[in-house]
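Visitor: Residue numbers (the working numbering), protein chains in the order written: chain B, 101 to 463; chain X, 65 to 376; chain P, 376 to 627.
Possibly wrong hints are sitting among the right ones.
As the list claims (entries may be wrong) - Here are the simulated lysine-lysine pairs, DSS-like style, with alpha carbons at most 30 Å apart: (1) 264/X / 179/X; (2) 493/P / 455/P; (3) 392/P / 196/X; (4) 458/B / 112/X; (5) 311/X / 495/P; (6) 355/X / 455/P; (7) 622/P / 77/X; (8) 302/X / 488/P; (9) 196/X / 136/X; (10) 179/X / 112/B; (11) 264/X / 603/P; (12) 601/P / 622/P; (13) 492/P / 311/X; (14) 324/X / 508/P; (15) 488/P / 453/P; (16) 395/P / 408/P; (17) 275/X / 455/P; (18) 492/P / 324/X; (19) 458/B / 119/X; (20) 311/X / 302/B; (21) 325/X / 264/X; (22) 405/P / 324/X; (23) 293/B / 170/X.
What the hints assert, rightly or not - So the derived list for chain B, only partly shown, Cβ under 10 Å to chain X, looks like this: (24) 106; (25) 109; (26) 117; (27) 121; (28) 123; (29) 167; (30) 292; (31) 297; (32) 298; (33) 300; (34) 302; (35) 304.
To be verified - FRET-style restraints, in silico, Cβ to Cβ: (36) 121/B / 514/P: 35 to 43 Å; (37) 607/P / 247/X: 53 to 61 Å; (38) 313/X / 403/P: 38 to 46 Å; (39) 125/B / 504/P: 30 to 38 Å.
Source of the hints: derived by calculation from the structure; they are not laboratory data.
All C-beta atoms in this analysis are idealised placements derived from N, C-alpha and C, irrespective of residue type, glycine included.
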Amino acid sequence: MGLVGIIIKEFKHIFRDYRTLMVLFVMPISQMIIFGYAMDLQIKNINIKITDYDKSTLSRELSTKIDGSSFFSITSEDGDLNELFQQRLLHAVLTIPVGFAGDLNSRASPEVDVIIDGSDSTRAVIIRQYISGIIMEFSSELRGGDELPINIVPSYAYNAELNSAFFFVPGLTALIMIMVSALLTSITIAREKEQGTFDLIKLSPVHAYEVILGKVIPYLILSMFIGIFVIVSGVFLFGVPIRGSYLTLLLYLFIYCLTGLSFGILISTLVSTQQAAMLIAMIATLLPTLFLSGFIFQLEAMPKILQIISWVIPARYFLVIIRGLMLKGNTQGELLLYTSMLILFSIVFLGISIRRFKAYLES
Amino acid sequence: MNSLIKAEGIEKKFGTVNALRGISLEVSEGSITGLIGPDGAGKSTMMKIALTLLKRDGGSISVLSVNSDNDKTFIRQNVGYMPEIFSLYTDLTVEENLNFYFTIHKMDKQDYEKKRERLYRFSRLEAFTNTKAGSLSGGMKQKLALSCALMHDPKLLILDEPTTGVDPLSRQEFWGMLHELKEEGVGILVSTPYMEEALKCDFVYMMNKGKIIGEGIPENLSEEFEGSLYEFEIPGRKPQEFLSELKQIFRGDSVFMSGKKVHLALRGAEELSDIRTKTTSLDPELLVRKKVPELEDIFIIRVLAEGSDGND
Amino acid sequence: MEMIDDAVINIENLVKKFGKFTAVNNISFKVRKGEVFGFLGANGAGKTTAIRMICGLLEPTSGDIQVSGISVKKSPEKVKQKIGYMSQKFSLYTDLSPERNMDFFGDIYGVAKDEIKKKKSFLAQQLDVPSLKSIKTADLPMGFKQRLGLACALLHDPDIIFLDEPTSGVDPLGRREFWEEIYRLSGMDKTIMVTTHFMDEAEYCDTIAIMNFGRVIDIASPDSIKKKYSSANLNDAFIRAIEMDRKKMEDN
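Given the sequences, and given the hints that come with them, work out the whole structure.
Guide: In structure tokens:
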């Protein structure tokens, strides 16, 4: 009874505040468009210089392939590399050593040197990924799909179209969903603390779990709608595929939202004002997701300590799941480990929250 | 009469601040008990301790004949409370707020219609059923908050400054509601900054800086008053024109303006003729009267007496 | 009435409508220089709307207000310079010291540095504290906060001071001291307009106006209002005034 009452009341709050509701749907779309536009600028017009010492058929084929991609244009600029980099006439140099074709044919590790303008680190990472992607594709065509001992990030191996949207739509979905869901619950509970309405709830026979579930259930439904909206926008605006099962994607989105919402509740048990809740929820979700989930920066390339920290970032697991489902067509079984991690997070967050909240209600 | 709250020597500290310094008070069934005093006197703190929303640092208290250490839940679920700030959902309508508080008290669904009707009749909010709580006037908000506090028919009501910022007419209506409840046998503990409301209580406690500086039946307080109060007036002259002269004459005593007149409050008894002799140097038109002190006068004198006794 | 018109505020046929709702319904009155003018009314009677229009914060639907002979409609900015405003919710920066607060509000109004300094030491002397520097405004007693709020409102030496429920939450002693300060200001020919729900405070006013449903239903001295409604105190008089007005409206 108490639970149903809280759920109904919460839905009323949601629908009455239509401005916030609109922001919740408009914000992800605008972020996606801004990201899409910004990424588009970054990945086009990469000036690359290819120094081919091997001068073999294979090395020429590789050059042609790079030239053929829409992101690179091969320049023949000559002169001091430093100067060329500084004047931004050149962004990367690929050196194909003597013996490249021989190595490839004898199944040894082919070695190519890449020098990238590192002054813009994000751009440099992307350039590296594109070059790796092309080389990867090139070699896998050559060898019929065999793996090559080249240090390339696996996820990009499947981004065969080298479409930037494929890169940011799943990442952005992971980022937006954790942020929005943590914000939703942390603010709604902090608001009741701030406005004193919880004092009256404390004086009623309502249980802690009823309050928590009464908050989680409506916002879970709301965040599912937002999540579906974000993914569908990604599909329609940027043509990102969903190669896995829709149902699995929905199920995992559900679990991820639950993780975010329970994290938000945990935050709200630690603070007493809306402002503090908002700030903590933003910082605790935005920054780690941006830097430590594998969204923008490769986890493998990070110092060990950061890699270890990344194990407690829920977005890290969801990113694997959503990339797997959208781009690779993974099955439920293949993602089980990652899903279990998210479920574990939810249970831990909810468990601590209910305990802390119970103590709060009884204090 | 049954005692609903019985507090003995309650102490409360917030950090280094002594919010309550040995408060003893009692609230009985079918009566209105007033806590009067300024912000920071400790009224809200005392109320929250009675509600078990705050822990005390010393003293003992029983609420609804239950020791508040043993059965917090029982006390919480059987007391009606109106916090100092309006604590209902402003984006929900009057009806929705009532309904919500009904559901969280987990009462039988069938009772709602009856309950709702009774509360509307009592609060006269029927015409505003679909108005959002946030758009109600101050007086109506308080009536709604009281209705929500009455949802589970509590025997004890704790109301923290329910009429602050509310106009006199709405205040009178609100107190009319309290008197109805009192007739039904409900015990009410209410705080207020308005002295005229204190007169509507059956018993008042005057609080200042965490202490009770006076208590009694309001009418008797003026009779029991140990000091004396005199009123000065010079027809046609503004009080500020002779205030400082009076302050000079009665240095050390409390001389203050009260409306268009000046009051002199003395801690002991002094004859009217003595006062007249002391003020002969002033305007010959000066009128001096002995006055029955009002609660506010008593309050101020007690505060001043406390201060000069060396108790901070 | 007197031949010489010393009205500082002159309100004529002031109306404010919000959509279909008439918040202020054709009110007219004058406030003399140095007068302590009490503005009373039920919650939602239109007091705040009227004050906001007089301060030039809200445009009237019709009618005009002259403040010190200046039309609020024509030059609201000039009027704002002549008005000081303080309310119970007066936004002092509670994390700053009283001194910083005064510096800040002085700067906003373009008050000269030495003038601010003078006013600061005056306030310190009035409150009997050695310095306004070392304390946080949040830690001041309520009565001190109100006095600081008032001091900030007076920094630019306005002719008219609006006090919106200035003593809410202040202890009785602090309230009386506050009123002594009001009387001192009135003695300096400052005009004071005050709203309050404390009817004993309304006794301090020279004139009180009672508003109900957007209209001024009574305007007179506290004594004549009490006489008119044959009440011993203003509280009862106020209640009777409003009740009679309601009845009259229902009868029509």
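Visitor: Indicate, hint by hint, whether the structure satisfies it.
Guide: Here is how each hint holds up against the structure:
1. 264/X / 179/X: holds (28 Å)
2. 493/P / 455/P: holds (23 Å)
3. 392/P / 196/X: holds (21 Å)
4. 458/B / 112/X: With Cα atoms ~19 Å apart, residue 458/B and residue 112/X stay inside 30 Å; holds.
5. 311/X / 495/P: holds (25 Å)
6. 355/X / 455/P: Outside the cut-off at roughly 44 Å; violated.
7. 622/P / 77/X: The given pair, whose Cα atoms are some 51 Å apart, is violated under the 30 Å limit.
8. 302/X / 488/P: Answer violated: residue 302/X to residue 488/P is near 35 Å, above 30 Å.
9. 196/X / 136/X: violated (33 Å)
10. 179/X / 112/B: With a Cα-Cα distance of about 23 Å, the restraint between residue 179/X and residue 112/B holds, given a limit of 30 Å.
11. 264/X / 603/P: holds (25 Å)
12. 601/P / 622/P: holds (19 Å)
13. 492/P / 311/X: Measuring from Cα to Cα gives roughly 29 Å; hence the hint holds.
14. 324/X / 508/P: violated (36 Å)
15. 488/P / 453/P: Holds, at roughly 22 Å.
16. 395/P / 408/P: The given pair, whose Cα atoms are some 35 Å apart, is violated under the 30 Å limit.
17. 275/X / 455/P: violated (44 Å)
18. 492/P / 324/X: Between residue 492/P and residue 324/X the Cα gap is close to 33 Å, so the pair fails against 30 Å, i.e. violated.
19. 458/B / 119/X: Cα-Cα ~17 Å, so holds.
20. 311/X / 302/B: violated (52 Å)
21. 325/X / 264/X: holds (26 Å)
22. 405/P / 324/X: holds (22 Å)
23. 293/B / 170/X: Distance of about 22 Å is within 30 Å: holds.
24. 106: holds (7 Å)
25. 109: holds (5 Å)
26. 117: At 7 Å from the nearest chain X Cβ, residue 117/B passes the 10 Å test, so the hint holds.
27. 121: violated (13 Å)
28. 123: violated (16 Å)
29. 167: Not OK, violated: residue 167/B not within 10 Å of chain X, min 61 Å.
30. 292: Result: holds, 9 Å to nearest chain X Cβ.
31. 297: holds (5 Å)
32. 298: At about 9 Å, which falls below the 10 Å cut-off, the nearest Cβ of chain X leaves the hint on residue 298/B intact, so it holds.
33. 300: holds (6 Å)
34. 302: Hint on residue 302/B: holds, closest Cβ of chain X at ~7 Å, below 10 Å.
35. 304: holds (4 Å)
36. 121/B / 514/P: 35 to 43 Å: Holds, since residue 121/B and residue 514/P (Cβ atoms, about 41 Å apart) stay within the stated range.
37. 607/P / 247/X: 53 to 61 Å: Check failed, 26 Å falls outside 53 to 61 Å.
38. 313/X / 403/P: 38 to 46 Å: Holds, since residue 313/X and residue 403/P (Cβ atoms, about 45 Å apart) stay within the stated range.
39. 125/B / 504/P: 30 to 38 Å: With a Cβ separation near 54 Å, residue 125/B and residue 504/P fall outside 30 to 38 Å, so the hint is violated.
Going down the numbered hints, you'll see the structure goes against 6, 7, 8, 9, 14, 16, 17, 18, 20, 27, 28, 29, 37 and 39, while the others check out.
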